[in-house]
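Chemist: With chain F's structure known, arrange chain W on it following the hints.
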Amino acid sequence: MAVISLKNVTYSYKGAAKPAVNSVSCDFEAGTLYAVVGPSGSGKSTLLALLAGLDLPDEGEVLFGGESIAAHDLDLYRREYISMIFQAFRLFPLLTALENVCYPLELVGVKSAEAKRRARELLASVGITEEEMRRFPANLSGGQQQRVAIARALASGAKVILADEPTGNLDVENTQTVIDILASLADEQDYCVIVVTHDAEVADMTDVVYRMKDGVLTRER
Amino acid sequence: MEAKFSLRVLLRSPIKTFVTFLLLTAVSAAFVGRGAEFVTTLRAVGSAEGYYEAGGTVRATQENYESYELYSPEFFPEFMPLTQEAVDAVRSSKYVERSEIRRTAGGRTSDEYFDVVEQPLYEAATNGSGELLGDDLRGCAAALIASCTDVSRETVKHLNGVETPGHLDAEIRVEELVAGMPQWNGEGRELVLKSFARGWKESETWFSDPEVSEWGKYSVDNSAIVDQIVPGHRYFLVVEAESIGQRPASDERKLSTKVDYPLIDLTRLEEEHGTDDWRAALADPEKYGLVRFKGDNSYPSTRDIKDKQLVSVETYMERLNFNAHTQELVYTGDMAGLVRFRDGKEYIAEGRALEPSDSGNVCVVNALWAQQNGFAVGDSVEFTVSADTMMHSGKLFARRLPVVDGYMPDIAFLEIQAYSDLGLEPVKETFEIVGLWADSITSLRERDPYAYPINTVFLPEDAYPWPDGAEQPLMPSTFSFTLKHPGDAEKIESELSQTLAELGYGLAIDDMGYAETRHSLEMMKTSALVGFAAMSGALMLALAVAVYLFITRRKQDYAVMRAMGTSVRRANMSLLTGLLILAAAAVCVGCAAATVITRDAGAELAARLTEITGEDVRATLSYPTVCAFGAGEIVLLMLFAALGLRRVGRKPPLELLQGEK
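Keeping their order, the protein sequence lines are chains F and W. The first sequence begins at 1 in the numbering used here and counts up by one. The second sequence begins at 1 in the numbering used here and counts up by one.
Watch out, some of these pointers could steer you wrong.
[Claimed, not checked] Calculated lysine to any residue pairs in the SDA-like style (CA-CA distance at most 25 angstroms, straight line):
| # | chain 1 | residue 1 | chain 2 | residue 2 |
| --- | --- | --- | --- | --- |
| 1 | W | K555 | F | E165 |
| 2 | W | K484 | W | S92 |
| 3 | W | K555 | F | Q87 |
| 4 | W | K555 | F | R79 |
| 5 | F | K111 | W | V568 |
| 6 | W | K651 | F | G15 |
| 7 | W | K555 | F | R135 |
| 8 | F | K7 | W | P652 |
| 9 | F | K111 | W | E2 |
| 10 | W | K651 | F | E59 |
| 11 | F | K14 | W | Q658 |
| 12 | W | K4 | F | S112 |
| 13 | W | K555 | F | L56 |
| 14 | W | K4 | F | V110 |
| 15 | W | K4 | F | R118 |
| 16 | W | K345 | W | G46 |
If you are wondering where the hints come from, they were derived from the structure by calculation, not from laboratory data.
Chain F on its own, in the form it takes in the complex (with noise of 0.2 angstroms):
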């Protein structure tokens, strides 16, 4: 069964010629690693957006377990149910990344020391260590920050991961290490995870691959 799906989804930026997603409908399940690829401008990031409720398309509907997502509080929505990854990683400058990591689960009313606990538990599920977790994200590497934006999305606990590029600003290590981190959440823990890139070598990793392409979206394997 679906667990996020997008019905007839149009959306158009002001002052655009064109939708940047144009009519699009799909199921994304759970388990699944997703890949949506496309070139720069063909509306893929804009389709993640929709999917995390960052904005509600000019037409059609997202559903999340089968109901519309306008219907709901949009910020629930997204605390709860939906976890994010950038490509610029979009950590807070001036956290470390340990509070980086309790940020999304105090925001959901965990305990201080609670938070951090688990916090620390995710943070060295991606291979950062406690030395690494005082740094502030300027003191880390792409890879390391990445990974430190993982174990932020995965902190709210929602089972839709949503990532953007992860892998832009990383070596093919790190590449390697990130996308293997997001098929395990999708195969061992069930994890929905779609992942928007433009990098062939990252999709093929995946489970199905969408092609976006002027605002359409076509399943391509």
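Modeler: For chain W alone, kept in the frame of chain F given last:
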């Protein structure tokens, strides 16, 4: 969580935080300092302006005096009656805050009340002074006075062809007068009876008259008058005194060159109030003594006896008869409008003041008088009221204009017979006491000359005992008005001058010198405003910079928070809390700095205002004002932040994230 997040961000960007703190502190100090100074200036200038009060009355112009020959208009146009039309014109002006028609007349209570009231004065006056047996002295002096009056009036008539107020010098050694008084022990005393001539000094006719050799040195021999004293006739003494040193006029200088002892001039005393003059005498009873005599059923005359000791107050007390007023009755439609009450010099100690709606037999009496006579609010008291006694007693009818003395023309001596010719009889009326008034200065000696004597009774305007149907002239001094603002003097002049001129009147307005100081006061306010405005601008800039650094520049964090599901409110608080804490600290330090920097500003301001106004103006920078400006600064910061956050908060997270790409 928001506070923790915010504080972490604050502390982990120390340079930005410190620079912002310094900026906010500096601007706070300047803004709060200037703001407090501005408010203090406004208050102090307002307070200084409060010293000024513009008001006045309506005076007849020379053009309309023909119809009022009774008032000797060629000499006293100021005293020609007003028409109701002129009064109404003034009252209709939008610049007039309040106005009143007020008449002051003499009245009396029964002797028992009066005696009790004046007992302290009596005791003070007689304490340590020699006791004269009244009959002899009274008889001698009264005869002398009568003589001088006649002589002077005759002479003046002769000189000018009209009955002009004025007297001739008449000096006689009292030793001569009292020589025939067996009870008088004149040993060690030097008494001089002197009446000082005060003619119409500006009159060329006076000085050109061949019978007057030199003004002020015209003497008559009154010794024969002593023989005319009728033993057993009833006379009474009025005690009045004034130190000659208090008189600025040149007359005293002339007189003082003629005598080598303290001299008291009774023509001057004609203008003053008996009780006030008593105070002067009581202050130095060993040095001054003065009696004024008046015969039965005669109009008051101007005479004096000077003694080195105060004498005959007791006689005055004993002999005061029906002809003398023992109460000053002030008929007023608006007691609270009287300047002395408005200034707080006199106040209502119990009960209430008379109000414009009051009518009938209600009154407000002096608290001390009431206490001494056993009266309280709600009691009834009987007064013999009159419409004209004050005129007859020689008191200037308008002596207590509810405006400053500057409105009054320079009248040295005046007798107006108009009201006496109306033949109004005093009537007895019973009044209910609805209030007690008191003087804020309890010491008799410290009370100023314009204080209402304790025998003053305030009555409603319609209690004025005027015969039904008889024309009731409005003397200028009975009508007065005050302006809403002292700066309105010119405006009302231009508004009413033409209307009043057509009626034969003009406005007499005194703004107490406000016009001269207005520019300086305005400049002070403008200067303070400019400084404050400049600092307000600097504050706006600084707050904008702070908001930019701590909110606008942190839109990336905001976007991520929103993308992670943080609500708008919590995201706002995460950004705002740190800035507010920083600003609060900066404002506190800034306020303290402003207090230190401007600690002398209040004193300097007060000194400048005191110099400008001549009044003791106080100006202090108040801590609540400083705090209010500090709080205002925080509020302003929150407003700026709210505006900034409102812009980002309304955007969907997707737009925020893309904007940060």
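Chemist: Now tell me if each hint is right for this structure.
Modeler: Results for each hint:
A threshold of 25 angstroms between alpha carbons decides the hint, and for K555(W) with E165(F) the separation of about 21 angstroms falls inside it, so the pair holds. As the CA atoms of K484(W) and S92(W) are separated by approximately 13 angstroms, the hinted pair is consistent with the 25 angstroms bound. Taken as a hint, the K555(W) and Q87(F) pair is honoured in the structure, with Cα atoms around 18 angstroms apart against an allowance of 25 angstroms. Between K555(W) and R79(F), the direct Cα distance comes to roughly 19 angstroms. Compliance with the 25 angstroms bound is thereby established for this hinted pair.
The hinted pair formed by K111(F) and V568(W) meets the criterion: a straight-line CA distance of about 21 angstroms does not exceed 25 angstroms. Our distance criterion of 25 angstroms between C-alpha atoms is met by K651(W) and G15(F), whose separation comes to about 16 angstroms. Under the criterion of a C-alpha separation no larger than 25 angstroms, the hint pairing K555(W) with R135(F) is consistent with the structure, at around 22 angstroms. The straight-line distance between the Cα atoms of K7(F) and P652(W) is roughly 21 angstroms, inside the 25 angstroms bound, and the hint therefore holds.
With a CA separation close to 14 angstroms, the supplied pair K111(F) and E2(W) stays within the 25 angstroms bound. For the proposed pair K651(W) and E59(F), the alpha carbon gap of about 19 angstroms is at most 25 angstroms, so the pair holds. The straight-line distance between the Cα atoms of K14(F) and Q658(W) is roughly 13 angstroms, inside the 25 angstroms bound, and the hint therefore holds. The suggested pairing of K4(W) with S112(F) holds, with an alpha-carbon distance near 11 angstroms, which does not exceed 25 angstroms.
Restraint check: the Cα-Cα separation between K555(W) and L56(F) comes to about 21 angstroms, which is no more than 25 angstroms; the hinted pair holds. The suggested pairing of K4(W) with V110(F) holds, with an alpha-carbon distance near 14 angstroms, which does not exceed 25 angstroms. Restraint check: the Cα-Cα separation between K4(W) and R118(F) comes to about 19 angstroms, which is no more than 25 angstroms; the hinted pair holds. Of the pairs offered as hints, the one joining K345(W) and G46(W) holds, with about 20 angstroms between alpha carbons and a cut-off of 25 angstroms not exceeded.
Hint compliance for this structure: no hint is broken.
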